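Starting from the given sequences, assemble the full structure and let the hints guide the process.
Number of protein chains: 2
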Amino acid sequence: MKDYERLPLIPIKSAKGVYLEDFEGKKYIDAISSWWVNLFGHQHPYIKQMIKEQLDCLEHVIFAGFTHEPIIRLSERLVEITPSNLTKCFYADNGSSAIEVAIKMSFHYNKNRGLTKPYFVSLENSYHGETIGALSLGDLGIYKESYEELLIRSIKSEVPRDQSEEEAKRAADALKRLFEERSEEISAFVVEPLVQCAGGMHMYSPLFLKLASELCKEFDIHFIADEIAVGFGRTGSMFACEQADVKPNFMALSKGITGGYLPLSVVLLEDKMYDSFYCDYNLNKSFLHSHSYTGNALACAAANAVLDIFENEDILEKNRKKSAYINKKLQKFLELKNVKSVRQTGMIAAITLRGYPTQERIGLRVYEYGLKKGVLLRPLGNVIYFMPPYIITEEEIDKMMDTAYEAISLLPPVEPNLET
Amino acid sequence: MKDYERLPLIPIKSAKGVYLEDFEGKKYIDAISSWWVNLFGHQHPYIKQMIKEQLDCLEHVIFAGFTHEPIIRLSERLVEITPSNLTKCFYADNGSSAIEVAIKMSFHYNKNRGLTKPYFVSLENSYHGETIGALSLGDLGIYKESYEELLIRSIKSEVPRDQSEEEAKRAADALKRLFEERSEEISAFVVEPLVQCAGGMHMYSPLFLKLASELCKEFDIHFIADEIAVGFGRTGSMFACEQADVKPNFMALSKGITGGYLPLSVVLLEDKMYDSFYCDYNLNKSFLHSHSYTGNALACAAANAVLDIFENEDILEKNRKKSAYINKKLQKFLELKNVKSVRQTGMIAAITLRGYPTQERIGLRVYEYGLKKGVLLRPLGNVIYFMPPYIITEEEIDKMMDTAYEAISLLPPVEPNLET
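Chain order of the listed sequences is A and B. The numbering of the first sequence is the numbering used here, which starts it at 1 and goes up by one. The numbering of the second sequence is the numbering used here, which starts it at 1 and goes up by one.
Bear in mind the hints are in silico, worked out from the structure with no lab data behind them. Because the structure is a prediction, the values reported are computed rather than measured. There could be a bad hint or two in this list.
Where chains are identical, the list cannot tell them apart; a pair therefore holds if satisfied intra-copy or between any two copies.
Stated by the list, open to error - Listed below are the simulated BS3-like cross-link pairs for lysine-lysine, each with C-alpha atoms no more than 30 Å apart in a straight line:
#1 Lys373 - Lys332
#2 Lys2 - Lys285
#3 Lys27 - Lys322
#4 Lys329 - Lys372
Structure representation (structure tokens):
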């Protein structure tokens, strides 16, 4: 909040397509899809129409004992498009809550078969949300270091350091050693497939997912895919897991699920988990977890509209062309002395700067320059990234990336002793 | 889920006012406001219009670095109507997440002043949500007993056994003894003011809140009011805390905040907490907790519409008359042999049955009878309760309560040895 003394909050009056507009009529390209949620632009005519029609029918009803058409339709479609072993849907309102559902289910499933396995494994540099359970799995100090005494039991394993297959194998070996030692106390391995988004858009090879998934099977540990940020086409395939051809035991989805309109999240799971909770009420083996607005009909209507657009408009194919265009422009950044590396996975492209001490918060200068020029870039430390709505045009990509290029060119010269 | 083999889920096609309508055209009075969220009926013309207008302008924008008019307006209004010490708003998507925010802030505030206080105190029979942090505070075995190894540190204190002042004093004495012994390790006392809703609509005297609040001040422990279920007029005053004239350090709101339309929650806090987090970024004392859809503009538009209705339609006064009408009818239930007790706080009325073993799930029979007759009653164990939308008419109250009366009259005779 103190930052805003120097750089005041910008009140947004309206938004349309990739553009946010403030009260002075100034427009900003939403180059980060408003925290990775918006897929098809703001005020999308079809999504908004579908929400309005739902408003004229049923906005919300208790989701215990009762159900409604939009959620049945959505659940059937999600089961259809996710890996074939995932057959059931459990809903919540945000990504953190979905992660809480997944870890509770994993733990409870084991309890139901007589095993107490209170540990969860996640990767270094990971982020899985900020409620206590979800926070415990993450590894970003900025979010969790103040809460140490409140966290649940989790173990960090090494993340591949880059997108190479060698690194994938090295990290998988480390995971194997951990499982060999402690698998009996570990319920699940939780992972952000292909891209650790909050962790500076860190990317790694699908091979790691493949190897990790095999290890999970071998050691009887659940594989939880946290596709909250990477799902719904963001990495080039509908879900990132597809690129490694893995079948997670649980998959958590949120963000893009409603196209950036309304809070909604869901955990997909397998029949065997569902069956373990399916029993007479008095046996106390059922899985209970409810939020008041679970199964909100308006959010489900938005989610169905999003899936309609994917079905009708060949989005993934169009994105492939846009990704290729972004990739060509991305290579140009390597010419700059203060650029350490660039990387891309589908509709996520990232640039790591070098030569600036952390406390200088060099990314903030890129942010400021972007705002001045009408582009919302929101760096993560010294990482500048692009994660635009899929409807962005080549012209708008030019504006977005050229602005970032200028901003980086105009930064002070690098400090030669600092490699990071 | 297994219950639905015998009693299938009811798909709802549309809803209007207090009525839910299924695909056969059958209507049900939503006597529990769809899990305590709906205030002014389904498809309320004004709320729905306000959401539609917001859809035509701005559905959502990142809530970091940016803001928007509906949330500024909502925040100012919430600060205005809540106790005068509460001056800042922190948003999330559901009640559990709001509780997580409140306990993290309480703990972190203490950390910032050099104190590590990892324990939280809550009441026996309490419910505060189902993410790990929130779940740890609750005391209902059905939700938490399977997760013991995952929970954070909490201590239970005695809840007043009824609405008498003696019980309030007895429970406050117990709280005092606990604080005397362990206050140095306790960050906060978390409480559902006046009514423990999930805990069988258990009600207690405002005096307990008053005494507990004084003890919190005396022992330097935060008072967190969980008004998620009881806020927004449900107990007769706008917020339940008002009836005890206490000023909580944190207040969590959700459910009724959007009138039952969209997921939204908020924690109100004091300047002194805000100030303790307000510092240069590099000092790492800031409070970080974000959900992707935090500050969703559509949900804020619904919430502003709800506050407009409160302002323009003298809801609290109208509810007083309805509560009195409900109270008169409630006394009639005491004539029944299988009714142990009745109680009421504002627009919540509850009946406890006696003479049935728990495993018989006698409430389920009342539920079934209600559905047959077109009333959605959803008992909590052997407690039958009414928590209708505020727009319910006397005629609809008759139908709702008469149906419950019939259902209870038709239950099998009590087992004389069972007092509960």
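Each hint tested on the structure:
1. Lys373 - Lys332: within (20 Å within a copy, 71 Å between copies)
2. Lys2 - Lys285: Between copies only: 11 Å across chains, 48 Å inside a chain, cut-off 30 Å.
3. Lys27 - Lys322: Result: close within a single copy only, 22 Å intra versus 50 Å inter.
4. Lys329 - Lys372: For Lys329 and Lys372, only the intra-copy Cα distance (22 Å) is at most 30 Å; the inter-copy one is 65 Å.
Comparing the model with each earlier hint shows no violations; every hint is respected.
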